[in-house]
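Trainee: What follows is the residue order along each chain.
There are 6 protein chains.
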Amino acid sequence: MTVTCLLDITPGNSFEGFCLVKEVKLEKTKKGDPYLNVTVAKKHKMVACKLWNNGFRGMSSEEILTFFSAGALMHITGDASEYNGQVQMTITNFRLAENGEVDFSEFIETAPESVDSMEAEIRSYIDEIKIPILHQITFEIFEDNKKLFMNHVAAVKMHHNFKGGLAYHTLSLLRIAKNICDQYGEVVNRSKMYAALTLHDMGKIVEMTRDYTAPEYTLIGQFLGHIQIVNQMIDRKLVAIRTERSVSAEETTVVYELMNIISSHHGPLSNGWGSTQEPITLEAHLCHMIDNIDAKINMISKAHSDMQEGEVQKIWGLGKIYKPNSL
Amino acid sequence: MTVTCLLDITPGNSFEGFCLVKEVKLEKTKKGDPYLNVTVAKKHKMVACKLWNNGFRGMSSEEILTFFSAGALMHITGDASEYNGQVQMTITNFRLAENGEVDFSEFIETAPESVDSMEAEIRSYIDEIKIPILHQITFEIFEDNKKLFMNHVAAVKMHHNFKGGLAYHTLSLLRIAKNICDQYGEVVNRSKMYAALTLHDMGKIVEMTRDYTAPEYTLIGQFLGHIQIVNQMIDRKLVAIRTERSVSAEETTVVYELMNIISSHHGPLSNGWGSTQEPITLEAHLCHMIDNIDAKINMISKAHSDMQEGEVQKIWGLGKIYKPNSL
Amino acid sequence: MTVTCLLDITPGNSFEGFCLVKEVKLEKTKKGDPYLNVTVAKKHKMVACKLWNNGFRGMSSEEILTFFSAGALMHITGDASEYNGQVQMTITNFRLAENGEVDFSEFIETAPESVDSMEAEIRSYIDEIKIPILHQITFEIFEDNKKLFMNHVAAVKMHHNFKGGLAYHTLSLLRIAKNICDQYGEVVNRSKMYAALTLHDMGKIVEMTRDYTAPEYTLIGQFLGHIQIVNQMIDRKLVAIRTERSVSAEETTVVYELMNIISSHHGPLSNGWGSTQEPITLEAHLCHMIDNIDAKINMISKAHSDMQEGEVQKIWGLGKIYKPNSL
Amino acid sequence: MTVTCLLDITPGNSFEGFCLVKEVKLEKTKKGDPYLNVTVAKKHKMVACKLWNNGFRGMSSEEILTFFSAGALMHITGDASEYNGQVQMTITNFRLAENGEVDFSEFIETAPESVDSMEAEIRSYIDEIKIPILHQITFEIFEDNKKLFMNHVAAVKMHHNFKGGLAYHTLSLLRIAKNICDQYGEVVNRSKMYAALTLHDMGKIVEMTRDYTAPEYTLIGQFLGHIQIVNQMIDRKLVAIRTERSVSAEETTVVYELMNIISSHHGPLSNGWGSTQEPITLEAHLCHMIDNIDAKINMISKAHSDMQEGEVQKIWGLGKIYKPNSL
Amino acid sequence: MTVTCLLDITPGNSFEGFCLVKEVKLEKTKKGDPYLNVTVAKKHKMVACKLWNNGFRGMSSEEILTFFSAGALMHITGDASEYNGQVQMTITNFRLAENGEVDFSEFIETAPESVDSMEAEIRSYIDEIKIPILHQITFEIFEDNKKLFMNHVAAVKMHHNFKGGLAYHTLSLLRIAKNICDQYGEVVNRSKMYAALTLHDMGKIVEMTRDYTAPEYTLIGQFLGHIQIVNQMIDRKLVAIRTERSVSAEETTVVYELMNIISSHHGPLSNGWGSTQEPITLEAHLCHMIDNIDAKINMISKAHSDMQEGEVQKIWGLGKIYKPNSL
Amino acid sequence: MTVTCLLDITPGNSFEGFCLVKEVKLEKTKKGDPYLNVTVAKKHKMVACKLWNNGFRGMSSEEILTFFSAGALMHITGDASEYNGQVQMTITNFRLAENGEVDFSEFIETAPESVDSMEAEIRSYIDEIKIPILHQITFEIFEDNKKLFMNHVAAVKMHHNFKGGLAYHTLSLLRIAKNICDQYGEVVNRSKMYAALTLHDMGKIVEMTRDYTAPEYTLIGQFLGHIQIVNQMIDRKLVAIRTERSVSAEETTVVYELMNIISSHHGPLSNGWGSTQEPITLEAHLCHMIDNIDAKINMISKAHSDMQEGEVQKIWGLGKIYKPNSL
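Protein sequence lines, in the order shown, are assigned to chains R, F, W, L, V and B.
When you line the first sequence up against numbering that gives the first Met the number 0, it's residues 0 to 326, in that order.
When you line the second sequence up against numbering that gives the first Met the number 0, it's residues 0 to 326, in that order.
When you line the third sequence up against numbering that gives the first Met the number 0, it's residues 0 to 326, in that order.
When you line the fourth sequence up against numbering that gives the first Met the number 0, it's residues 0 to 326, in that order.
When you line the fifth sequence up against numbering that gives the first Met the number 0, it's residues 0 to 326, in that order.
When you line the sixth sequence up against numbering that gives the first Met the number 0, it's residues 0 to 326, in that order.
Source of the hints: derived by calculation from the structure; they are not laboratory data.
It is possible that part of the hints are untrue.
Pairs of lysine-lysine residues, derived as DSSO-like cross-links and limited to a Cα-Cα distance of at most 30 Å, are as follows [claimed, not checked]:
| hint | chain 1 | residue 1 | chain 2 | residue 2 |
| --- | --- | --- | --- | --- |
| 1 | L | Lys49 | V | Lys156 |
| 2 | R | Lys301 | F | Lys295 |
| 3 | R | Lys177 | F | Lys21 |
| 4 | B | Lys146 | B | Lys313 |
| 5 | V | Lys24 | L | Lys319 |
None of the values given here were measured: they were computed from a predicted structure.
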């Protein structure tokens with residue numbers, strides 16, 4: 000059977016259709032013949048492919064790499080088999096998609112909600128920040144960076160590594176926080192929680208490249224980490240506000256308290272996960288725990304999407320995970 | 000100034016009123032004279048007291064201990080000073096409260112919601128368990144033990160160590176879980192969450208004595224721990240159900256899955272916090288993280304109640320904690 | 000030279016004889032030709048084999064897999080060479096063994112003592128349990144499960160992963176314990192030691208499949224672990240006994256003490272090796288240490304069987320191990 | 000014998016002379032009589048004292064505390080005995096020192112070199128920074144803060160907790176670094192080392208109070224830590240420079256590289272000592288190791304100053320330490 | 000009631016009899032009066048005592064210390080009360096025991112078997128060492144040091160800290176090893192085990208002072224540790240043997256293998272318990288595990304001797320320990 | 000282009016020249032054809048090569064291995080390509096170098112300073128040891144072993160794994176120590192530092208084989224480790240000196256103090272890096288830290304030699320390392 004959508008491919012099928020090239024490696028067989036290892040994708044579905052030398056259509060390695068490059072949209076023909084329990088496709092024919100022939104956005108993975116609705120909802124949380132200086136700083140940093148922020152990935156791998164993943168992750172934390180604030184009343188300071196959660200991973204727009212295909216750490220990201228980057232953004236805003244009006248000692252304190260929540264949102268220093276200071280407030284502890292919940296739910300549900308019901312698999316960072324049967 | 004309610008006492012005051020005796024120790028001065036160290040309380044407020052030998056009113060140590068014993072309600076006169084930053088009272092006069100003179104319930108700390116409303120709300124969560132065997136097991140264990148469960152403490156010290164603390168902690172987790180289930184949809188199994196959370200600390204009614212003044216670990220509690228105790232309750236229910244009707248393999252699996260969630264609700268084995276098995280489902284990971292949130296919020300807000308605004312203190316199990324100024 | 004017994008095979012030999020198939024994987028060469036990776040065995044000796052496509056005798060991959068399957072007894076012809084310091088055999092001919100042609104039991108690895116003598120000796124230890132309720136529980140659980148228990152493996156890999164390994168490991172611990180009880184006198188309680196050691200790994204008959212070729216963890220095994228499974232068995236016995244006669248508080252205590260020994264036989268919680276409670280008795284600490292001795296001796300002597308005298312090798316879970324020269 | 004300089008005091012002596020009050024605590028005997036625990040000092044020498052009630056000269060506790068307060072210079076008469084192996088003095092008479100009667104600077108501990116010579120030498124290292132933007136940033140931050148920096152303590156306890164300790168510690172690191180740069184040649188970048196070491200602990204002027212008697216952590220110090228504080232200073236300089244001239248990408252990179260060295264100067268995150276990012280350059284690793292050398296040498300030589308030759312003592316943070324005999 | 004043997008003392012008794020002084024501290028009351036804290040003992044029984052100033056019989060502190068000193072045998076009169084759950088005696092009269100009045104050996108704790116029988120039994124194990132060079136080295140080191148070895152303590156505190164404790168501990172390990180060698184046959188090398196166990200703690204005769212009252216670490220003990228000290232003894236023997244005859248390469252190897260067993264008898268380096276090299280043989284692993292068994296049994300049974308049946312106590316190095324009821 | 004020096008080889012070049020064979024492995028293709036994996040080197044430059052069966056020139060595998068063996072000097076012709084980002088060469092022709100045709104010393108990696116100058120400088124440090132017994136022991140051990148010591152490697156991999164690496168590493172530490180001694184004055188004992196550093200890794204001449212191509216751990220090295228080996232050397236010297244003259248207690252103490260510095264030069268036991276005793280002197284702590292500095296500088300600069308400017312790579316034992324741009 001021949002399928003035309005990569006999402007439908009299974010071992011034994013032939014495939015004839017469009018896909019996005021995610022990764023390309025030129026290899027050699029033991030006999031010295033060149034061939035390509037190519038990963039193609041549609042949305043979250045990734046398929047490993049081989050293009051053997053006899054499929055090069057007489058082109059040299061250099062020429063073949065002008066077709067196959069990360070980010071290219073291509074039309075591919077191939078046969079799918081199984082290798083080590085994974086689908087593997089041998090490519091038999093290929094060409095580049097022509098301009099306008101297909102829509103790029105149908106091939107990349109994106110957040111499950113629209114950018115516009117997410118942005119509106121995050122802004123509604125910012126509106127709830129009742130401490131003026133926290134509201135101003137959060138609002139301005141969000142406005143300054145929202146175009147990049149709303150589309151950025153939240154990780155190079157692991158969880159939320161897709162277009163809009165950063166905004167979707169941020170919004171998920173705000174929603175959990177809202178319910179906890181409602182439940183625990185004045186014990187938790189809602190304004191500090193919303194400011195801290197909106198900004199907590201904002202530094203990732205500098206820490207990672209804005210590439211939805213294969214995001215990487217930037218050099219500055221490796222020098223400072225996203226926590227110090229966002230604290231820098233906050234400090235620059237504080238300095239700017241001071242050029243416009245006088246800032247009280249109480250206001251300064253609460254801005255530094257915000258920086259502490261962000262500094263410690265990876266948990267206590269002793270876990271070695273990259274906090275830049277110990278958490279010393281209730282909101283700092285809470286921010287870390289909420290972040291953890293959303294991350295774990297996403298890692299596990301992502302793992303589930305590649306598993307059979309009733310199966311147990313070892314998942315990196317989680318240990319063994321079981322996917323229950325539907326009841 | 001003389002105060003009559005222990006909640007109002009501060010260094011410099013005299014006190015004349017009722018209190019609950021929490022702890023009594025007979026000591027000797029270096030010169031060999033006997034005296035008493037007594038802790039008295041009203042609700043969450045605890046005050047350390049001294050009764051010097053010259054206040055024994057001519058009684059022997061044995062006689063004096065017939066007045067002062069843990070759990071007694073007494074009328075006390077004394078002078079409050081400060082010692083190491085804490086209030087300390089020297090007792091100058093004392094008598095036992097007469098029957099009916101004061102209401103015991105006004106002196107012990109209790110959950111902030113009524114037993115009846117908490118019980119009704121927990122039962123409403125049990126009603127939402129849609130997997131019949133999980134519903135039956137949870138319902139029956141709750142009904143069998145509710146009288147004890149609704150009034151029990153949740154810990155010997157740390158958090159929720161008060162009358163009704165176990166039920167209040169359980170209910171808090173169910174409320175957090177409800178919102179997370181609402182937010183993440185089918186990704187999280189609501190029935191498993193509600194069953195696991197209702198039962199997760201049920202073993203504490205066997206693990207700790209039912210004493211609101213000074214709960215202690217029982218011997219069986221130290222042999223098995225509350226996790227294995229509740230798994231035993233679940234297993235006994237499963238055995239009992241099997242004597243009444245046949246139980247399918249799918250049902251058995253989901254009961255064991257419930258036991259896994261409970262077995263691992265203290266997190267991965269490597270943290271050494273007493274899980275009896277690794278978490279292998281999303282609900283198992285989530286149950287641990289929600290438990291952690293409620294525990295931390297309570298530990299910190301309990302610490303805050305003894306702190307000044309703007310102060311930083313070292314809190315056992317948490318490191319340094321800051322209490323912010325009201326804004 | 001041609002050898003007919005797999006135990007005698009070395010690189011350079013030809014082989015013509017019977018063997019047990021342990022594992023089969025269908026692979027493809029880079030050119031796309033199918034071939035088989037097969038592991039064949041006799042007793043503890045395992046040999047990795049290749050069956051290339053040109054040896055398929057015209058059969059398809061599907062047909063070839065009807066011959067080669069885990070657990071099959073086959074007659075094989077092949078040539079042994081060396082690959083990465085290990086024997087590797089290229090299969091040149093093959094057929095299934097006919098019924099009765101060879102004895103299955105000559106090909107699987109088994110405990111070095113007979114099932115009957117091991118069972119008799121374990122029963123003699125049970126006879127020495129002088130605390131009636133411990134004797135009854137141990138005796139009944141042993142009798143209920145002995146058929147499975149006497150033949151089961153003790154691990155999926157590591158040590159004692161052979162037929163009868165569980166019984167042999169259990170018996171070895173009882174023998175060590177006997178001598179220690181003799182040596183230390185009343186300091187160690189013999190009845191508790193014998194009951195705990197007889198039962199300590201009984202849960203493995205549920206935790207692992209009863210497959211001597213390639214045992215695996217069951218789902219229930221992964222939900223609960225063998226410690227909680229055996230504690231469940233003990234609890235069910237306790238419940239059953241109570242339906243027949245009254246059980247004193249002292250008897251109940253000693254049964255829970257037994258469960259504590261078993262709960263903690265992997266050592267303190269902080270090591271993360273899967274104890275379900277801290278050890279709090281001398282017998283609990285001792286049970287863990289004796290278990291460790293037998294496990295380590297078996298892991299090292301198993302490692303020695305594949306090593307040359309004077310050689311040092313890295314062994315998983317042990318670090319470097321030296322095999323001394325015979326003197 | 001009566002001594003007049005606190006440095007000479009030993010058990011059995013009387014004392015009559017001046018001293019600095021470091022710490023005062025009002026206590027009560029078991030009988031309820033007030034008395035004072037006072038710590039007095041001259042330079043690094045600290046002596047614990049008691050002022051019993053019968054030495055209050057008829058004054059109330061409140062009056063007595065107007066004499067004894069941290070930071071006061073007093074004239075004291077007393078008798079020294081030994082308690083738990085330490086000198087302890089009972090105060091028999093006291094008065095405040097009159098203005099000009101003694102020189103405050105003779106009583107506080109200070110760095111062993113003069114502020115002027117240390118400042119000149121640090122500035123000579125800054126002159127050696129050959130990367131212009133690093134030179135400018137280091138020079139300006141040093142000039143802005145030198146008055147505070149040159150006199151500040153380097154720690155609240157542990158090592159270098161004296162006036163000028165921060166500058167002296169910084170200078171010691173620069174001297175070690177100079178020799179290592181000379182020895183290893185171009186392998187180590189001298190400009191980056193000098194810039195990083197000059198600034199590495201500059202944040203302590205904000206993190207700790209400028210009190211030479213009993214320095215404490217500030218609230219901002221606890222929110223951010225000295226590493227993030229100095230990175231903030233650097234970033235503010237970078238922003239300011241950009242308002243004056245254009246800064247190249249290479250320059251920006253080297254400034255962020257500087258921030259990485261400082262971020263990681265407590266070593267890898269996994270040690271939990273408070274680095275805010277992993278070290279990723281040779282200079283970052285080196286900066287941490289040099290810091291460690293000076294800290295350890297100072298902790299041990301400080302411990303030695305209270306030990307006899309040939310003695311072994313347990314020292315906090317170091318384990319057992321031996322003080323060798325002079326040879 | 001008046002008791003005359005310290006072993007019989009309980010709170011409420013008077014005492015009149017002999018005892019051994021273990022520890023003496025001169026203290027002062029808050030009012031400045033001197034008094035003595037004295038620990039007296041008979042065998043394993045230790046009692047804390049006070050000698051108040053009014054019991055000094057007019058003597059000065061200096062004079063009183065000529066009576067009370069560690070190691071002195073005294074005749075004491077006093078009254079026993081209870082303090083913090085422990086017996087405490089107020090001394091009312093005292094004198095030094097006269098020469099020959101009592102037998103010193105009745106007051107110190109000693110091994111439960113006679114020195115002669117232990118020595119004979121250890122020598123019988125040495126006789127079983129069949130590898131000549133191991134036999135010679137073990138025999139000679141034992142003969143050289145046996146007088147000291149047979150009476151030495153095995154620890155400054157923890158387990159076997161009594162006269163003959165080192166020999167008794169060594170013998171206990173040899174007995175366990177014998178049974179394990181009998182059980183596992185040729186898998187374990189008996190000669191290496193007996194040589195290693197006889198010598199494993201021999202270095203303690205240099206590492207700790209030969210004081211049965213209050214043993215301490217020597218300076219050399221702290222420089223090298225008992226493992227390196229015994230390896231030095233072995234090496235010196237090897238050097239000496241080489242001056243008398245030629246030693247083969249195989250013999251040298253087995254001597255170094257012996258040093259490896261001893262070097263690693265505290266377990267793998269990663270536990271930080273002081274092994275000087277990783278264990279790389281079966282005998283090395285086994286030696287560590289057997290050592291652990293005897294140590295733990297002794298620590299727990301020592302803890303039991305101060306506990307009531309049914310009690311649970313926290314024991315240093317072991318966590319909570321339960322002492323079961325006799326059945 | 001054809002290059003004749005291995006240091007110049009890059010992908011795309013042909014090579015025709017001499018090289019040193021470091022490692023040879025006979026492999027088989029999936030089809031069963033034999034081929035060679037060969038590593039050839041010049042100085043620090045290593046190149047992975049393939050010799051396919053069709054390049055065997057009709058020789059059998061056995062014959063081909065008489066040409067290719069570790070340590071052989073050969074003349075090779077081949078074509079360089081790139082494989083996984085590394086140069087890989089296919090060998091097309093080969094012959095053994097003839098005697099005298101090339102100079103072996105041009106092909107092995109050696110320390111960057113001459114053996115003679117390093118030896119003279121180390122001896123000048125030994126001359127500075129002012130404690131006579133430390134001078135004598137250090138001098139004699141150095142003289143006894145200098146031929147081997149001056150040429151030995153310092154590690155089997157990691158840092159300083161080249162001819163003369165051990166001497167060069169030792170000298171580097173002495174140079175760092177000299178400057179620190181100059182800087183800190185009498186706080187650090189120069190004689191102890193020089194003695195300890197000269198000897199600290201001397202045991203490596205026994206622990207590792209004297210092979211500059213592929214050094215390995217010896218059996219004795221694995222039994223004892225280089226720390227215990229050098230302590231043995233020191234002890235043998237001490238014994239020898241005692242046969243010649245009497246040694247005072249002070250001298251003995253300082254020799255054992257030297258052994259403590261060496262015993263602990265891998266840092267505290269808790270890090271598990273192989274110290275044989277805790278460091279208890281300032282010199283012991285310092286020796287460890289200086290050793291660490293030289294090791295880290297060498298590991299990082301070695302990593303840099305294979306990296307591009309601006310690149311970040313993960314380096315074993317160090318985490319991510321960045322190589323900065325030249326400025």
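Trainee: Under the criterion that the straight-line Cα-Cα distance not exceed 30 Å, is the pair B/Lys146, B/Lys313 satisfied?
Mentor: 37 Å, violated
Trainee: For the pair we were handed, L/Lys49 and V/Lys156, check the Cα-Cα distance against 30 Å.
Mentor: This hinted pair is violated, its Cα atoms lying about 35 Å apart.
Trainee: Going straight from one Cα to the other, do V/Lys24 and L/Lys319 come out at no more than 30 Å?
Mentor: Judged against 30 Å, a Cα distance of about 24 Å means the pair holds.
Trainee: Can the restraint linking R/Lys177 and F/Lys21 be considered satisfied, given a maximum Cα separation of 30 Å?
Mentor: 39 Å, violated
Trainee: Mind checking the alpha carbons of R/Lys301 and F/Lys295 for me, to see if they're no more than 30 Å apart?
Mentor: 28 Å, holds
In summary, the numbered hints that this structure violates are 1, 3 and 4.
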